[in-house]
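Student: Sequence:
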Amino acid sequence: MTDDSQPAPLASPPPAKLLSYLRLFRAPNVFTAIADVMMGLVFVASLDGRLLPPACLLAASCLLYTAGMVLNDVFDVAADSRERPHRPIPSGQIPLAWARWLGFEFLVLGVIVAACAGFAEHDVPWPWRSGIVAACLAACVVLYDAILKNTFVAPIAMGACRFFNVLLGMSLDAEALDGPVTVVGFGTSHLLVAGGIGVYIAGVTWFARTEAKTSNRALLVWGTVVMAVGIGMLGMFPAVCQTGIQYRLEPQYVWPLVLFMLTFTILRRCLLAIMRPEPQRVQTAVKQCIMSLIVLDAAVCLLVADWPWAVGVLALLAPMLLLGKWVYST
Numbered sequence: 014m015t016d017d018s019q020p021a022p023l024a025s026p027p028p029a030k031l032l033s034y035l036r037l038f039r040a041p042n043v044f045t046a047i048a049d050v051m052m053g054l055v056f057v058a059s060l061d062g063r064l065l066p067p068a069c070l071l072a073a074s075c076l077l078y079t080a081g082m083v084l085n086d087v088f089d090v091a092a093d094s095r096e097r098p099h100r101p102i103p104s105g106q107i108p109l110a111w112a113r114w115l116g117f118e119f120l121v122l123g124v125i126v127a128a129c130a131g132f133a134e135h136d137v138p139w140p141w142r143s144g145i146v147a148a149c150l151a152a153c154v155v156l157y158d159a160i161l162k163n164t165f166v167a168p169i170a171m172g173a174c175r176f177f178n179v180l181l182g183m184s185l186d187a188e189a190l191d192g193p194v195t196v197v198g199f200g201t202s203h204l205l206v207a208g209g210i211g212v213y214i215a216g217v218t219w220f221a222r223t224e225a226k227t228s229n230r231a232l233l234v235w236g237t238v239v240m241a242v243g244i245g246m247l248g249m250f251p252a253v254c255q256t257g258i259q260y261r262l263e264p265q266y267v268w269p270l271v272l273f274m275l276t277f278t279i280l281r282r283c284l285l286a287i288m289r290p291e292p293q294r295v296q297t298a299v300k301q302c303i304m305s306l307i308v309l310d311a312a313v314c315l316l317v318a319d320w321p322w323a324v325g326v327l328a329l330l331a332p333m334l335l336l337g338k339w340v341y342s343t
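My numbering numbers the first residue of the sequence shown as 14 and each following residue consecutively.
The set of hints was computed from the structure by calculation and includes no laboratory data. We treat Cβ as the ideally placed atom computed from N, Cα and C, and that holds for glycine. Hints should not be assumed to be uniformly reliable.
[What the hints assert, rightly or not] Subject to a maximum C-alpha distance of 25 Å in a straight line, what follows is the list of computed SDA-like cross-link-like pairs (lysine to any residue):
(1) 300 <-> 97
(2) 338 <-> 292
(3) 300 <-> 245
(4) 300 <-> 223
(5) 30 <-> 88
(6) 300 <-> 328
(7) 162 <-> 290
(8) 300 <-> 85
[Unchecked claim] Label-pair ranges, simulated between beta-carbon atoms:
(9) 242 <-> 29: 38 to 48 Å
(10) 92 <-> 132: 20 to 30 Å
(11) 273 <-> 160: 29 to 39 Å
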């Protein structure tokens with residue numbers, strides 16, 4: 014995804030060197046990764062009284078997400094030198110070799126920190142699971158950045174990154190929920206919720222494939238449909254697996270209504286872009302879809318936990334919007 018529009022200058026921007034790193038890291042978007050993991054932790058009630066393991070998972074997610082952003086620019090340096098010379102690496106603000114080392118260093122550290130989370134928790138039957146999920150996430154990051162980014166299946170790899178990021182937050186769960194499918198202790202509800210977020214992001218990625226120029230309407234429609242399928246998966250999981258979770262919203266009527274209202278706001282912006290697929294309209298829709306990920310995470314928290322957890326996740330929009338005034342997010 015590309016967005017070369019520069020944020021309007023404000024009175025007190027960050028120092029130039031710090032701003033270069035924030036742009037390289039796509040700092041506003043890291044809060045969406047935090048929201049995914051927080052939702053996963055809340056979903057399996059792993060934030061009740063435990064500090065170190067959840068903190069390790071949040072740190073690991075930030076490291077892995079940032080590594081993905083850095084390596085994205087490292088592997089794209091030739092194209093960026095022609096098309097986006099103002100970006101940190103092609104402009105010389107951050108040396109290519111240093112950025113490459115930083116990206117892979119963050120990737121390795123992210124897996125190590127995630128592995129520590131599992132072994133720091135005494136009552137987890139799969140202490141190695143957090144490290145394995147983080148390793149899968151790291152593999153998807155490298156596959157996307159180095160090999161798949163310019164192929165049609167790239168959105169699937171991007172969706173897989175989000176899928177594993179949500180599972181990372183769920184990896185401290187002590188037992189699988191009931192359901193027809195269980196994989197390494199992850200129950201049907203785990204897989205549906207993580208899969209719904211992953212499919213949603215795959216749709217966003219397809220929608221944004223040609224956002225820098227006049228987009229192909231068929232691709233925009235396809236991306237919108239895939240996003241709707243992802244949200245639909247979030248709506249399905251209470252019906253598929255109704256045991257093991259104490260719902261705070263009525264799952265049969267209120268929960269689908271909440272998702273419908275969220276879906277309406279997302280699809281409205283997408284439909285406006287489909288009607289007139291100009292770069293500015295498409296980019297605006299993409300940014301709203303990315304921010305809506307935090308809202309979807311907060312909605313899941315509202316369904317399965319007390320409302321302060323949902324408010325806490327939703328509050329991540331504030332630093333995201335603040336940093337977005339200076340730093341491009343795609």
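Student: For every hint, state whether the structure bears it out.
Tutor: Quick rundown of the hints versus the structure:
Only pairs whose Cα atoms come within 25 Å are accepted, and residue 300 paired with residue 97 is accepted, the gap being roughly 19 Å. As the CA atoms of residue 338 and residue 292 are separated by approximately 19 Å, the hinted pair is consistent with the 25 Å bound. A hinted pair counts as satisfied when its Cα atoms are at most 25 Å apart, and residue 300 with residue 245 qualifies at roughly 21 Å. At roughly 14 Å between alpha-carbon atoms, residue 300 and residue 223 fall within 25 Å of each other, so this suggested pair holds.
A threshold of 25 Å between alpha carbons decides the hint, and for residue 30 with residue 88 the separation of about 22 Å falls inside it, so the pair holds. Among the hinted pairs, residue 300 with residue 328 is consistent with the structure: their alpha-carbon atoms are about 17 Å apart, no more than 25 Å. For a cut-off of 25 Å, the pair hint linking residue 162 to residue 290 stands: about 22 Å separates their Cα positions. Taken as a hint, the residue 300 and residue 85 pair is honoured in the structure, with Cα atoms around 18 Å apart against an allowance of 25 Å.
Distance hint for residue 242 and residue 29: a CB-CB separation of about 43 Å, consistent with the stated range 38 to 48 Å. Evaluation of the 20 to 30 Å hint for residue 92 and residue 132 yields a failure: the beta carbon distance comes to about 41 Å. With their beta carbons about 38 Å apart, residue 273 and residue 160 fall inside the hinted range of 29 to 39 Å.
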